[in-house]
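So the chains spell out like this:
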Amino acid sequence: MKYSVTLRVNGKEQKLNLDARATLLNALREILHLTGTKKGCDQGQCGSCTVLLNGKRVNSCLVLAVMADGKTVTTIEGVSSNGELHPLQQSFLSHDGLQCGYCTPGQIVSALGFLNEPWDKTPEAVQIGMSGNLCRCGAYPNIASAIEEIRSSIQEAASS
Amino acid sequence: MNHWIGAPIDRADGILKVTGEASYAADFNFENLIYGIPILSTCAKGKVVKIDDSDALKIPGVLTILTSQNTPEFFPAKSDFGTASQMGEIRLPLQDETIHYAGQYLGVVLAETLESAEEAEKLVKVLVEEEPPILEMEKNLSQAYSPKAFFGEPLPVIRGNFEKAFSEAEIKLEEIYTTPVEHHNPMEPHASIAVWDGENLTLYESTQWVVGARNVVADALKLPREKVKIISWFVGGGFGCKGFIWPHTLLSSLAAMQMKRPVKVLLSRRHLFTTVGHRPATCQKLTLGASRSGKISALKHHTITHTSFVGEFLEGSGGASQNLYDFPNLQVIYQVVRLNKGTPTFMRAPGESTGLFALESLLDELSYKLKIDPIELRLKNYAERHPETGLPWSSSNLKECLQIGAEKFGWKNRNPDPGSMKQGNLSLGWGMAVSMFPGFRSPGSARVKILPDNTARVESATQDMGTGTYTTMKQIAAEILSLPPEKINSFLGDSSYPAAPISGGSMTSASVGPAVEAAAKKALQHLIDTAIKDKASLFYRCSPDDLQAKNGNLIFKTDPSKAETFGEILLRNNLPFLEGEAFIKPDQPDKKYAFQSHGAQFAEVLVDPYLKTIRLNRMVGIFDVGKILNLKTARSQAIGGMIMGIGMALYEKTVYDLTTGRVVNDNLSDYLIPVMADIPSIDVEFIDKPDPYFNSLGVRGLGEIGITGTAAAIANAVYHATGIRIRDLPITLEKLL
Chain A
11 MKYSVTLRVN GKEQKLNLDA RATLLNALRE ILHLTGTKKG CDQGQCGSCT VLLNGKRVNS
71 CLVLAVMADG KTVTTIEGVS SNGELHPLQQ SFLSHDGLQC GYCTPGQIVS ALGFLNEPWD
131 KTPEAVQIGM SGNLCRCGAY PNIASAIEEI RSSIQEAASS
Chain B
802 MNHWIGAPID RADGILKVTG EASYAADFNF ENLIYGIPIL STCAKGKVVK IDDSDALKIP
862 GVLTILTSQN TPEFFPAKSD FGTASQMGEI RLPLQDETIH YAGQYLGVVL AETLESAEEA
922 EKLVKVLVEE EPPILEMEKN LSQAYSPKAF FGEPLPVIRG NFEKAFSEAE IKLEEIYTTP
982 VEHHNPMEPH ASIAVWDGEN LTLYESTQWV VGARNVVADA LKLPREKVKI ISWFVGGGFG
1042 CKGFIWPHTL LSSLAAMQMK RPVKVLLSRR HLFTTVGHRP ATCQKLTLGA SRSGKISALK
1102 HHTITHTSFV GEFLEGSGGA SQNLYDFPNL QVIYQVVRLN KGTPTFMRAP GESTGLFALE
1162 SLLDELSYKL KIDPIELRLK NYAERHPETG LPWSSSNLKE CLQIGAEKFG WKNRNPDPGS
1222 MKQGNLSLGW GMAVSMFPGF RSPGSARVKI LPDNTARVES ATQDMGTGTY TTMKQIAAEI
1282 LSLPPEKINS FLGDSSYPAA PISGGSMTSA SVGPAVEAAA KKALQHLIDT AIKDKASLFY
1342 RCSPDDLQAK NGNLIFKTDP SKAETFGEIL LRNNLPFLEG EAFIKPDQPD KKYAFQSHGA
1402 QFAEVLVDPY LKTIRLNRMV GIFDVGKILN LKTARSQAIG GMIMGIGMAL YEKTVYDLTT
1462 GRVVNDNLSD YLIPVMADIP SIDVEFIDKP DPYFNSLGVR GLGEIGITGT AAAIANAVYH
1522 ATGIRIRDLP ITLEKLL
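Chains as they are written, first to last, in this note's numbering: chain A, 11 to 170; chain B, 802 to 1538.
Take these hints with a grain of salt, some might be off.
Covered stretches of chain A (chain B as the covering partner; in silico rule of three or more C-beta atoms under 8 Å from a C-beta of chain B) [as the list claims (entries may be wrong)]:
| # | region |
| --- | --- |
| 1 | 66-78 |
| 2 | 120-129 |
| 3 | 133-142 |
| 4 | 150-161 |
Note that these hints are calculated values from the structure, not bench results. Nothing here was measured: the structure is a model prediction, and the numbers come from that model. Each residue gets a CB set at the ideal place from its N, CA and C atoms; glycine is no exception.
Starting from the given sequences, assemble the full structure and let the hints guide the process.
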């Protein structure tokens, strides 16, 4: 069965005729060819496929694409604007918060979602709030410091 | 000196990776693509009687299903590491009906969409004649064989007279240490896209070895090797399971040739637990004789491990005892049992990671028996020369590693009595262990091109799996060409570039690095030769010795104001590029030195005295790996190795159902790898002294050493906290109850 679905992906409206079985992840990767979002486990256990759905982070492998009809989707391709890295992307780069890079899009998009969630304003909260995104290369300490730099700068900006 | 080698510059491929633009194998898309999903055996031993694909074929979009009934013949590829064509599993897929392990490929569904392929795969009914599988190595020891060699090194290893020295020893210890099957689980599942144009086969692969993949595929399909090309620009982690060539790569290739359309075979997470290797379990009995002062006179390291019925592998755990300490009387013996499991393979620091867990735990036990500080005990047994060959070390800084690590960690404040140190209500445990990995090198080649726009490119058929190769190779070229690294691009992961070895054995930097250095020197030489023959050049008829490169210019050494850019010289001579290519082989004829990396790791754990929960609180790792090519990426890699070691120590274990032989925890919720909240502060430092004899760069590589010793350091810390010695990994809380 095919369904007509409208997704607003990275600010662009996409009218698609999708297989009911297609996950949001597969639709992004195989239909829209937005391959920045990665498939690590296809069962919601690794976080590599994290995207923002209406601004909230989700594992896109656990969302059927038809369920995202009419919603906004932000993928890693939509994080930088006009060729400028988002401060979080720059922070990952400077802190070397990546090695093989496969989990990185998921980590960055997940961190964007995390920073908008009501967590405690502490480095420990980063550790816990980001534990759904696995990294087998073991870049965790660098990922943590990359996110912490942005988190604390947002906090400073808010308090000044 | 330009000081580009060693500089902690940002990862060269970092921008592509943080923007999602880096293309891994599964990210390539082609018109008219077919999706392939493998069908796995759920039975571990037996014979396929019938494969009923009638329901599967009814799914719209399903094109065909390849099984042994309709798959053409593969040709046995030479499975030989030395000639760069090693298969992970020797058996060729879909050629017969015999089942050797659960998870073995019985077929592949080919369909127009991923959804159709996945649904159809579930509808394929396989009728098998089952036999009871052999799954436990300890219960099948009567079937064990003793390997005669390990990668050319004869086995068993006998040094001195163990029996005599042991019988005369004042102190005797014998303990058994066990490690479970572990799986690499890189975040990127293997993918293979095959594109066949009727003559040439191009494969987009997740591989640590583009040259090996090309050779195996070409040989198995009887294609000339020059007609096969492997692209692996980005690899989402490997750790060994993308080293050798596994059957899915042959399936995608064959399917593309059959269907005359591009075929994308995607492995799912569960496939990574069956057909792409694992670290086999080990049961290691260590028998030790020592003097009361702590000098170890006799050691026997007896390893029982397993391989499959369709491949050869040996987890060389005894190498740790063979190569690290001055053990004058030594026996290293192995027994290997064939099991109905997939074929094991290299996993990060194969041999050393499991072997050092045993040896470095045993030394901790001895330190308690003798009431000697664990560091002092290691110094008493320090090998002034390589213990196996008697050769002097080219460079060994183990003592410095121990000293710096102890200072950073605050080791002198340790009260050695188990359970004596507290943090609040929790028991504090401090443990240490030595890290070690031999220095390996292979022949490697590279090409460096200087381009008219004052940039350069480095080309080599090596790989970057997160190891930093894109970055370090251009730093080496930058150093020689005196061009800033941002003016140089590395091109790797393509089998049509100059040949390079497998990215394994921590040898890429030491094998490919010197080739990049030599190629850059040749390219620069060509540039100088061009300039001095060019009448329009400032340097016409000058002596090459008077010239040097400086910031993208050729200058007079004595008068740097006289300068021409590289581009000017190329453009004036209508040259699209000037290149140098180099093939560098290790100098082996007169083995004068032994090459080995060393390190020391220190761990602090907190154990709840009632609930027995174990929390890792901090770690320190000091490593001597020769010259560091990039301090930033090196530090990341060493930390990453230690984190995989933390997984080995506390979490990782593949569980097999002992009736069916299937993996019970074949997913990332049940096979536990460390998450961010598990990881404490990790302090890493390098000795950073060039190895004077290993290669022109003095680099030894550091992919593996980070994981070695970690599990022992943590196990020793747990003992210090609790007084309970855990000799069976992983250290989970029920073992402390």
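Checked hints:
1. Against chain B, the region 66-78 of chain A contributes 0 residues with a C-beta closer than 8 Å to a partner C-beta. That does not satisfy the three-residue criterion, and the hint is violated.
2. Counting residues of the region 120-129 of chain A whose beta-carbon sits less than 8 Å from any beta-carbon of chain B gives 0, not enough to reach three: the coverage restraint is violated.
3. Under the rule that three or more residues need a Cβ within less than 8 Å of chain B, the assignment of the region 133-142 of chain A holds, with 6 such residues.
4. Taking a C-beta to C-beta cut-off of 8 Å, the region 150-161 of chain A contributes 5 residues in contact with chain B, enough for the three needed, and the coverage statement holds.
Hints 1 and 2 from the earlier list are contradicted by this structure; the remaining hints agree with it.
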